[in-house]
Amino acid sequence: MYNAKAYSAAGATSPLSSTSIARRDPTEHDVQIEILFCGVCHSDLHQVRNEWSGVMPTVYPCVPGHEIVGRVTRVGSAVTKFRAGDLAAVGCMVDSDGTCPECKAGLEQFCPNLTLTYNFPDKHTGKVTYGGYSDSIVVDQRFVLRVPSNLDLAGTAPLLCAGITTYSPMRHWGVSKGKKVGVVGLGGLGHMAVKFAHALGAHVVVFSTSPSKKDDALRLGADEVVISRDAGEMSKHAGSFDFILDAVSADHDINAYIGLLRRDGNLTLVGAPEKPLALSAFGLIMGRRSLSGSIIGGIAETQEMLDFCGQHKITSDVEVIPIQKVNEAYDRLLKSDVKYRFSIDMASLKSE
2 MYNAKAYSAA GATSPLSSTS IARRDPTEHD VQIEILFCGV CHSDLHQVRN
52 EWSGVMPTVY PCVPGHEIVG RVTRVGSAVT KFRAGDLAAV GCMVDSDGTC
102 PECKAGLEQF CPNLTLTYNF PDKHTGKVTY GGYSDSIVVD QRFVLRVPSN
152 LDLAGTAPLL CAGITTYSPM RHWGVSKGKK VGVVGLGGLG HMAVKFAHAL
202 GAHVVVFSTS PSKKDDALRL GADEVVISRD AGEMSKHAGS FDFILDAVSA
252 DHDINAYIGL LRRDGNLTLV GAPEKPLALS AFGLIMGRRS LSGSIIGGIA
302 ETQEMLDFCG QHKITSDVEV IPIQKVNEAY DRLLKSDVKY RFSIDMASLK
352 SE
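Residue numbering for the sequence shown follows the numbering used here, starting at 2 and increasing by one per position.
Honestly, the hints are just simulated from the structure, not real lab data.
A hint or two may mislead.
Below 30 Å or equal to it, Euclidean Cα-Cα: the simulated BS3-like pairs (lysine-lysine) are [unchecked claim]:
1) K124 / K6
2) K82 / K128
3) K237 / K82
4) K6 / K82
5) K237 / K178
6) K128 / K215
7) K237 / K215
8) K6 / K340
9) K215 / K105
10) K351 / K276
11) K336 / K180
12) K124 / K105
13) K105 / K6
14) K215 / K124
15) K124 / K351
16) K178 / K6
17) K128 / K105
18) K6 / K237
19) K180 / K237
20) K128 / K340
21) K215 / K180
22) K340 / K314
23) K340 / K326
24) K82 / K105
25) K128 / K326
26) K340 / K178
Computed Cβ-Cβ distance ranges for the label pairs, DEER-style [as the list claims (entries may be wrong)]:
27) I228 / V60: 21 to 29 Å
28) R143 / K314: 24 to 32 Å
29) S177 / E329: 26 to 34 Å
30) Y61 / H173: 47 to 55 Å
Cβ atoms here follow ideal geometry from the backbone N, Cα and C, with glycine treated the same way.
Input sequences plus hints: build the corresponding full structure.
This is how it looks when you write it as C-alpha cells:
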C-alpha cells in the first residue's frame with residue numbers, strides 16, 4: 002500500500018477537503034496512473050451529499066471522480082496493453098466478474114458483480130473504492146483505456162462518463178447519416194450528444210427551454226433549435242424523428258417528445274429525474290414507438306468512442322479548475338453555471 006493525495010468528503014454536509022488515502026500497490030495485472038485531469042460529474046455531487054441513500058448510500062470518507070485521464074507510471078508483470086509513459090483513462094468502472102453473460106457480451110456496465118470507480122466495495126482493500134479526485138489510481142488493465150494523442154486532456158476527461166453515456170445509445174439505435182435526431186436539454190450530457198450526432202452525420206435538432214442557448218447549440222453542431230415551451234414549434238416536428246436522446250434530469254413532459262417520433266422511432270433516457278415520469282401508453286402504441294434507458298457503455302465501446310473522438314477531434318467543452326475550487330464548482334453545478342463540464346487540473350493537488 003502507498004499513500005496518495007486526494008480530496009474527500011467526511012460527511013453529507015461536509016465540504017470536500019484535502020486528505021491522504023491508501024492505494025494498493027499494483028498487482029501483476031494492474032496499471033498505476035498519475036491522474037492529470039478528472040471531470041466533475043453531477044453524480045459526484047449526488048454521491049458526496051448522500052442524495053442516493055435509498056439506492057447507493059455513501060460511505061465516508063468519499064473520494065469521488067470517475068472521469069479520469071492520466072499517464073501510466075507503473076505496470077504489473079502480466080500487463081501487456083500499457084507501459085510507463087502511456088496516456089490512459091479510467092471511467093465509471095474498475096472491475097467486473099468477467100464471466101457473466103453481460104461481460105462476455107462486452108456489456109460490463111450491466112455485470113451483477115460490477116465494481117464502480119468510487120464508493121463501492123473494494124475486494125483488494127476490504128473498504129470502498131476511491132475515485133479520481135486524487136493524484137493517482139491503480140486499476141486492472143482490463144478497465145484502463147487508451148487516449149488518442151491528439152486530444153486535449155482536460156476536455157477528454159468528461160468523455161469517460163458524459164461522452165460514453167451519450168455515444169452508446171446512439172450506436173445502439175443506429176444513429177447515422179440521413180437520420181433525424183433530437184437532443185433534449187443542452188447541458189453536460191446534451192452538448193456531447195449534439196457533437197456525436199453531428200459527427201455521425203445525422204440531422205440534429207436541439208430542444209431547450211432557453212432561447213439563449215440557440216447560438217451555442219448551432220455552434221456545437223445542431224441544425225435546428227426548438228424552444229420546447231412553444232407548442233407551435235413542437236408541432237412542426239410531429240412524427241418525424243428516428244431517435245431522441247433525453248438528457249433532462251428534472252421533471253418534464255416526456256409525452257410531448259414521444260409524439261415527435263416517427264413509426265418505430267425510439268426515445269432513450271439518459272437523464273434520471275428524481276420523480277417518476279407520467280407516460281401515456283397511446284403515444285407508444287400509435288406508431289410502435291419505444292422508450293428506453295441507457296447507462297454508460299462497455300469497455301470495448303468506450304474505447305471505440307475515444308477512438309471516434311480522436312478521428313473527429315471531439316472533446317467536451319470544459320472549464321478547467323484547480324482542486325481547491327471544487328466546492329465552488331459543486332455550488333455552480335446546482336445553478337447550471339458551467340459550459341459544459343468542469344475538469345479538475347490535478348497538478349493543483351501538489352500544492353496541498
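Checked hints:
no.	hint	verdict
1	K124 / K6	holds, 21 Å
2	K82 / K128	holds, 28 Å
3	K237 / K82	violated, 51 Å
4	K6 / K82	holds, 27 Å
5	K237 / K178	holds, 22 Å
6	K128 / K215	violated, 47 Å
7	K237 / K215	holds, 18 Å
8	K6 / K340	holds, 28 Å
9	K215 / K105	violated, 43 Å
10	K351 / K276	violated, 41 Å
11	K336 / K180	violated, 33 Å
12	K124 / K105	holds, 21 Å
13	K105 / K6	violated, 36 Å
14	K215 / K124	violated, 48 Å
15	K124 / K351	holds, 29 Å
16	K178 / K6	violated, 46 Å
17	K128 / K105	holds, 28 Å
18	K6 / K237	violated, 54 Å
19	K180 / K237	holds, 17 Å
20	K128 / K340	violated, 35 Å
21	K215 / K180	holds, 21 Å
22	K340 / K314	holds, 18 Å
23	K340 / K326	holds, 16 Å
24	K82 / K105	holds, 19 Å
25	K128 / K326	holds, 28 Å
26	K340 / K178	holds, 27 Å
27	I228 / V60: 21 to 29 Å	violated, 43 Å
28	R143 / K314: 24 to 32 Å	holds, 28 Å
29	S177 / E329: 26 to 34 Å	violated, 41 Å
30	Y61 / H173: 47 to 55 Å	violated, 36 Å
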